[in-house]
Structures are given as structure tokens and as C-alpha cells.
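Here the protein sequences line up with chains A and L, keeping their order.
Residues 50 to 400 in this note's numbering are what the first sequence lists, from first letter to last.
Residues 35 to 470 in this note's numbering are what the second sequence lists, from first letter to last.
Note that these hints are calculated values from the structure, not bench results.
C-beta atoms are modelled at their ideal positions from N, C-alpha and C, and glycine is treated no differently.
A few of these clues could be false.
[As the list claims (entries may be wrong)] Residues on chain A that point at chain L, a partial pick, calculated with CB under 8 Å:
#1 VAL127
#2 ARG151
#3 ILE227
#4 VAL343
#5 PHE345
These are the residues of each chain, in order.
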Amino acid sequence: MQIVLKDFTKTFDGNTVIDRMNLTVEDGEMLALLGPSGCGKSTTLFAVCGIHRVNGGQILFGDRDVSNLPSQQRNVGVVFQNYALYPHMSVFENIAFPLTVRKDSKADVDRAVRDIAELTHISELLERRPGQLSGGQQQRVALARALVRKPDVLLLDEPLANLDAKLRLEMRSEIRRIQLETGITAILVTHDQVEAMSMCERIAIMKGGKIIQIDTPKDMYSNPRTSFVAGFLGNPPISFLKGRAEAGGFVLDDGSLRLPLPVASQIPDGTDLTVGIRPEHFGRAGDVPISGKVIFAETQGRENLYDVALPDGSVLRSVQPAQDDVRAGDSVSWKLESAAALVFAEDGRRL
Amino acid sequence: MRTRSYMVGLAFMSPALVVLIGFFFLPVVLTAVFAFTNMSTSTGISGGSYVVTGNLLTALKENGVPVEIADALSKASFVVDPEGIAKARDAGTDPAFLAEIEQQLGGRTFTDERLFERELKTLQHRPRSIRDLKLAVDQFELSILNSRFTSESAARQAIATFLPSAPADTVDQIVEASYTGWTWTTANFKQLFSTSDTWRIVLNTVFYVAVTLSFTVFVGLFLAVTTFYLPAGAASAFSMLWLLPRITPIVLYAVMWKWFTWEGGFLYTAADALGLPAFNYMKGSVPTAWTIVIMVNGFIGAAFAMILFSSALKAIPVQQLWASEVDGASRWQQIRYIILPHLRWPILFVTSYQTLSLLSSYQEIWLTTNGGPGRTTTVWALESFNTALNSYTGNLQYGLGAAMALILVIVGVSLSIIYLRLFRFDELLGRPKIEF
Ligand SMILES: Nc1ncnc2c1ncn2[C@@H]1O[C@H](COP(=O)(O)OP(=O)(O)O)[C@@H](O)[C@H]1O
Ligand SMILES: [Mg+2]
């Protein structure tokens with residue numbers, strides 16, 4: 050089922066949190082709402098499921114306008130950030146709850162619960178109470194409860210935020226597998242770019258209640274529309290150099306570094322620019338040599354991470370295959386791939 | 035380490051222990067002690083003495099003391115002995131007359147006052163006035179009736195000299211019955227278990243507690259849930275309103291109910307205007323009296339229950355309520371399946387706490403219907419208060435009242451134990467979270 054938000058607006062006590070947002074989630078697609086905390090992701094999600102009423106605009110499921118329907122009538126499944134399982138019910142009763150309240154027959158409920166429990170791999174936990182489950186198991190129960198009545202839409206609010214790293218990895222692929230198996234349209238709210246990139250077809254990146262860019266993970270990474278998007282995606286993150294345009298290239302403010310940039314040819318000399326360089330584009334290979342001092346070195350086993358301070362004080366990050374010839378405090382002369390550099394105007398727009 | 039933390043725990047608890055012993059344990063012990071006595075206003079609470087009264091003799095005759103012995107006790111006799119002479123001298127009788135009495139009549143006993151008087155009149159130094167003669171006669175009177183003996187042996191001896199022929203067990207019975215102080219007895223309990231009035235009051239009490247409690251829990255729940263769904267401002271105003279019964283001084287609250295329900299009161303006037311039966315609802319009929327007793331107490335409890343339920347409601351994670359809504363639960367289903375289960379402990383708590391306080395409370399009933407009409411709304415606590423501390427006849431029966439109170443304490447403690455089991459209190463009281 051396609052979800053469409055048209056000029057969706059939400060205010061809390063006269064304070065506009067979301068202002069005329071437009072968003073389309075295609076049928077069967079899993080879309081990530083990605084952004085820093087407080088940017089309005091949960092608010093959007095809660096408006097879609099009807100917990101919050103919209104203050105303006107429309108929400109459509111297919112061609113059905115659900116803007117003014119109570120959440121009971123929207124047929125959405127929601128997984129809340131803290132799972133919101135009912136502590137006084139067994140796992141079975143929790144999962145069965147959406148079916149019991151609509152008074153399905155006992156046999157139907159039983160069959161549906163056992164089917165979904167199998168899909169989510171919790172068949173052997175049905176008699177337990179939520180308090181007796183681990184975080185990952187609770188997560189699966191919440192997912193089963195959201196899916197049991199075959200909702201039109203699945204909404205996930207930071208579903209992995211409370212899990213440890215290993216479980217997070219496991220549940221990431223689990224949720225994706227279940228979403229693909231059921232073919233359900235899903236919105237995943239997260240502040241973690243890795244989650245968004247690994248689980249979703251498309252990412253809508255939000256900031257301050259606005260969607261900045263909607264794209265596939267790959268396009269969003271290589272082709273960010275603003276410096277905010279570029280900074281948000283990528284781990285380790287991109288590093289930025291501040292400087293100005295000069296003779297079809299970019300120079301640092303103290304004139305020490307000069308980068309030839311094709312886009313800079315149309316820019317008047319002296320314009321303030323920011324250049325973003327991802328860590329994988331700074332290292333032993335490249336076309337522009339850069340000297341600096343390693344101020345931080347860290348190994349992650351397979352790769353090493355370095356922060357290199359340039360003479361003017363700006364810092365470039367580099368990620369390289371693990372080797373131990375360079376330590377913090379060493380002076381290095383490495384190279385930069387100027388073709389991969391991302392150029393942003395002073396207001397953050399990509400040029 | 036273990037003993038140290040034990041001692042610290044004890045030190046923390048000691049003020050509570052002192053209070054517990056002083057305000058809970060001692061009263062219960064005293065109640066238990068009083069319950070096995072016949073203390074009342076007439077016996078006093080300190081010791082007594084031995085007095086044979088006319089009433090006592092009537093009672094003794096009914097309890098198998100031979101009529102002739104009882105009658106003999108009620109008679110007076112006149113004995114001329116040195117004691118009588120001394121008494122008469124103190125009373126101011128002419129010494130010459132006294133000397134003559136001693137000489138002429140010394141050692142004689144008269145069973146009839148007139149005979150003795152006639153004998154005295156024959157004496158030479160007899161006084162001129164009849165009044166003085168009577169005064170002298172009185173001094174020689176020897177009577178068991180209404181004389182006070184401070185010890186049991188004195189009483190026994192007096193009776194024995196008065197009735198030398200009486201059998202020993204009869205004398206024992208009389209001596210024992212003549213004691214005016216309190217004695218140990220189980221008669222209070224026998225009396226309670228044998229009167230039909232007791233069962234009537236027990237039934238009243240059970241009815242009162244059960245209905246008031248249900249009223250409290252249901253109204254409390256209703257108020258808490260409705261305020262929960264109201265906007266914040268309206269909710270706090272609404273709950274303040276319902277708190278009034280709890281915070282109004284009880285006397286004022288009772289008076290307000292009187293204004294509300296008595297002749298000429300609000301309800302009366304309203305009913306009158308509408309052509310409905312108008313009378314003093316508080317005392318005029320049994321159903322209205324019960325209704326008012328239950329509401330008076332129920333609203334106080336409901337205010338208390340509302341506070342507890344409201345705070346428990348606020349503690350429900352809002353995501354659970356949201357989840358239930360997106361899961362399709364209607365408002366009613368939300369209350370039934372999410373909210374009520376979360377209120378389980380507060381409901382149990384209010385039930386147990388209110389059972390105990392309703393069982394032991396009488397002030398509200400005392401100040402409103404005062405157990406009437408008749409004794410239809412009299413409950414156990416009120417009856418024991420009236421028996422022990424508030425008798426119309428002026429004879430306060432401390433012993434009987436204490437026996438009633440003791441039964442109430444036993445019922446209360448048993449119920450508490452049952453409720454604590456229900457609460458699984460031991461689970462709540464796990465190991466201390468902080469180690470010393
Ligand atoms: N119920 C509410 N009342 C008032 N303000 C709210 C409410 N819920 C969210 N907000 C505000 O809306 C903004 C977006 O919140 P939210 O959607 O929860 O952010 P996030 O992207 O972290 O999920 C925040 O500034 C938050 O303070
Ligand atoms: Mg959020």
C-alpha cells in the first residue's frame with residue numbers, strides 16, 4: 050500500500066514541528082526516515098499511524114484519505130522504540146491482542162499467532178512474560194504483534210536503538226527479511242545512518258522538521274545535496290575544509306593548499322567554499338599531495354583511522370588498510386583524490 | 035558484616051518499634067485485658083469493696099439462695115455491746131443513759147426495733163425527745179444490708195456472725211456476689227455469642243463494609259479513569275472537587291450531609307417541589323438511611339481511591355496506550371485490557387486498607403444516622419463505642435465494650451494477614467537494594 054503525505058503539518062502547542070512535508074512511500078518499499086534526534090521523525094511516524102492528529106495537509110494510504118481516521122481504523126502495525134509490550138500478558142496474549150480486540154475466533158487467533166511466531170522465530174517463547182525476555186526477543190515479539198493482523202503499513206520507531214551491537218546487526222537483517230517476505234510497505238525511523246543505509250530501499254533525510262533529500266542509500270552517499278547530508282552519512286564521517294575559490298580551484302584560507310575543481314571554474318574568485326573529503330579519498334593514492342601531522346591514529350583491525358592536521362589547523366580524516374608504519378605525532382605527506390571532493394556553498398548547498 | 039547491617043537495620047527501625055509498641059501493641063494488650071473483666075462505671079477500674087444491697091438479695095434469691103437466709107440478711111438486729119455503746123457515746127447520747135443501758139441490757143439482742151425501743155423507754159435516764167431516743171437506738175443497729183466491708187474476710191465474718199446457721203457455700207456465694215469491684219470473667223463473650231442482637235449487628239457490619247467498599251472502588255475507578263482522559267486543567271479541577279470529602283473535617287462533612295438530607299434540607303425541598311416523598315432521609319427510613327451511610331463513607335474512600343488510582347494511571351507508559359490504540363482497541367477495551375490490569379495492586383490495596391478502616395470506623399455513622407432508625411444502621415464498631423464509652427443509661431460497660439473491640443481487632447488482624455498473602459508482601463519486601 051502506497052503512503053502519501055501531502056503538505057503534512059504538525060504543531061505542538063503553537064510550535065510548528067513539521068511544516069508542509071511531502072513524502073511518498075511506494076507500495077512494498079521500505080523507507081528510512083533518517084535524521085538527528087528531535088528533528089520530527091517520530092512525530093511524522095505517529096501522524097501516519099494516527100496517534101497524532103495532523104494540523105494541516107493529508108495522509109493517504111493508497112487513495113484512501115486517513116487524515117481524520119482514529120488509529121484503530123488505520124490498520125497499521127507499529128513497533129515502538131521501547132517495544133511497548135503489555136507486561137501483564139504472556140507473549141502469546143501480546144501477539145494475539147490486535148486479533149482479540151477485533152474478536153476473531155479462538156482458532157483463527159491461535160493459527161495466526163503461531164504462524165507469525167514462526168516467521169519471527171519466537172515459537173518457543175509464547176508462554177513467557179515480556180519481563181522474562183531479552184531485548185532481542187522482546188523486539189521480535191513487538192514485531193510479531195505489529196504484523197499479526199496483516200497491516201497495510203508497518204511503522205518502526207528506532208527499533209534497534211535499545212539493542213547491543215551484535216543483536217542490532219542480527220535484527221537488522223531479520224527485520225529486512227520479514228519485510229521482504231511479507232512485502233509490506235514500511236517506514237523505519239532511525240538516527241543511525243548505518244541502519245538506514247543497510248535496511249532500506251530509500252532514505253529520506255530530515256533536519257528540523259524538513260526532508261532535505263530522498264534517495265537510494267548509494268546515491269545519497271555519493272551525491273549528497275547538502276553538506277548536512279554529506280556529514281550525516283558515512284562512517285567514519287566526511288571531513289570538511291573551509292576556504293575560497295581561486296582561479297578555477299579551491300584554496301585554504303591561508304593559501305597553503307590548492308585543489309583543482311571542475312565546478313569551481315564558474316565560481317567567482319574569493320567566494321567562500323567548503324570542500325568535503327571522505328576518509329577513503331585521502332591516503333596513499335591520489336592526485337593532490339598534502340602534508341600534515343597525524344594527531345590521532347586508531348586501528349579497527351582490518352582498517353586504520355587517522356586524523357591529520359594541516360598547517361592551517363583544519364583536519365582531514367583518512368581510512369587505510371591496517372599497517373603500523375604511522376603513529377600519532379608523525380609527519381606525513383599523503384595524497385587526495387580531487388575528483389571525489391564534494392564542494393558546498395557557504396549555506397551548505399552542493400555546487 | 036552481616037551482624038553490622040542487622041544492627042543498623044534495627045537502629046533505623048527502633049523509632050518505628052517504639053511507636054508500634056506504644057500506639058498499637060499496648061492498646062491491643064489493654065483491650066484484651068479489659069475484655070476479660072466485667073469493668074463498668076459501677077465497678078470502677080480500681081478495686082472495690084463488699085456490700086450486700088437490697089437488689090443483690092433479690093438477685094441472690096433468684097439464684098438459689100434460700101429465701102429465709104436472704105430475708106434474714108435484710109433484717110436488722112440491735113445488739114447492746116461495747117461497740118454500740120461507744121458509737122452511741124460518739125453520737126452524743128447522754129452518758130448516764132448509756133451507763134444505764136449497759137447495766138440493764140448489756141449483752142442482749144433484739145430482732146425487732148420496736149421491742150428494743152420499748153425496752154429503752156422503761157429506763158430512768160431516757161432522753162425526753164423521741165428524736166434523741168431514735169438516735170440512740172440507731173447506734174445499736176447491726177445490719178449486713180448496705181454496710182461496706184473492705185476485705186473479703188471481714189464480710190465473711192460479719193455474715194457468719196449474722197447467720198451462724200447458714201451453710202458455708204451459701205456464705206461464699208453471698209460474699210462473692212456482694213463484691214462491688216471488677217472481676218475476671220468470660221461472661222462478656224458468652225453474652226456476645228448468645229444474644230441475637232450480636233448477629234444482627236454482624237450482618238449490618240458485613241453489609242456496610244461490603245457495599246461501601248464496592249462503592250469506594252467503583253466510584254474511585256470511575257473518577258480516576260474519567261479524569262485520566264480529561265484535558266489536564268479540567269482534570270485537576272475535577273479531582274480537587276472530589277477530594278473535598280477527604281479534606282473537609284469530618285464533623286463539618288457530617289453537618290453538610292445533614293443539611294442536604296434532613297427536613298427542609300436541599301433534597302427534601304427538591305423532592306417536595308417535584309411531588310416526591312419528602313422526609314428526613316437520614317433517619318426516616320431504613321433504605322435511605324443505609325444509602326446515606328454508604329455514600330457518606332463511600333465518598334471519603336472514593337476520594338482516597340481516586341488519588342491512588344490516578345497516580346497509578348499516570349505511571350502507565352504512554353506507549354502501551356498508543357500501542358493498544360494502533361492494535362485496534364476501543365476506549366473500553368483499552369480500559370479493560372491495559373488500564374485495569376495496571377491498577378491491580380492499587381485496587382487490592384484500596385480494598386484491604388478500606389476494609390480495615392471501615393470495620394473500625396464509627397464516627398461517620400455516629401455523626402449522621404447514629405445507628406438509626408432503631409438500630410438498623412448500627413455496626414460493630416459503633417456498638418462497641420456506645421457500649422464502652424457512650425451509654426445513655428450512664429453505665430459504661432468497659433469490659434463488654436473491650437470484648438467487642440477485641441473481636442474487631444482479631445477480625446482485622448486475620449483479614450490483614452489474608453490481604454498480605456494476597457499482596458504477596460514478602461515479594462515486595464525483597465532483599466535491601468543497598469548493602470551496608
Ligand atoms: N507531545 C509533544 N508535545 C510537544 N512537543 C513535542 C511532542 N512530541 C514531540 N515534540 C517536539 O517535536 C520535536 C520532534 O520530536 P520527535 O518527532 O520526537 O523527534 P525525533 O526525530 O527524535 O523522533 C521535538 O522538538 C520535540 O520536542
Ligand atoms: Mg523519536
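Original post:
Okay, which hints does this one fail, numbers in order?
Top reply: Result: hints 3, 4 and 5 break, sorted rising.
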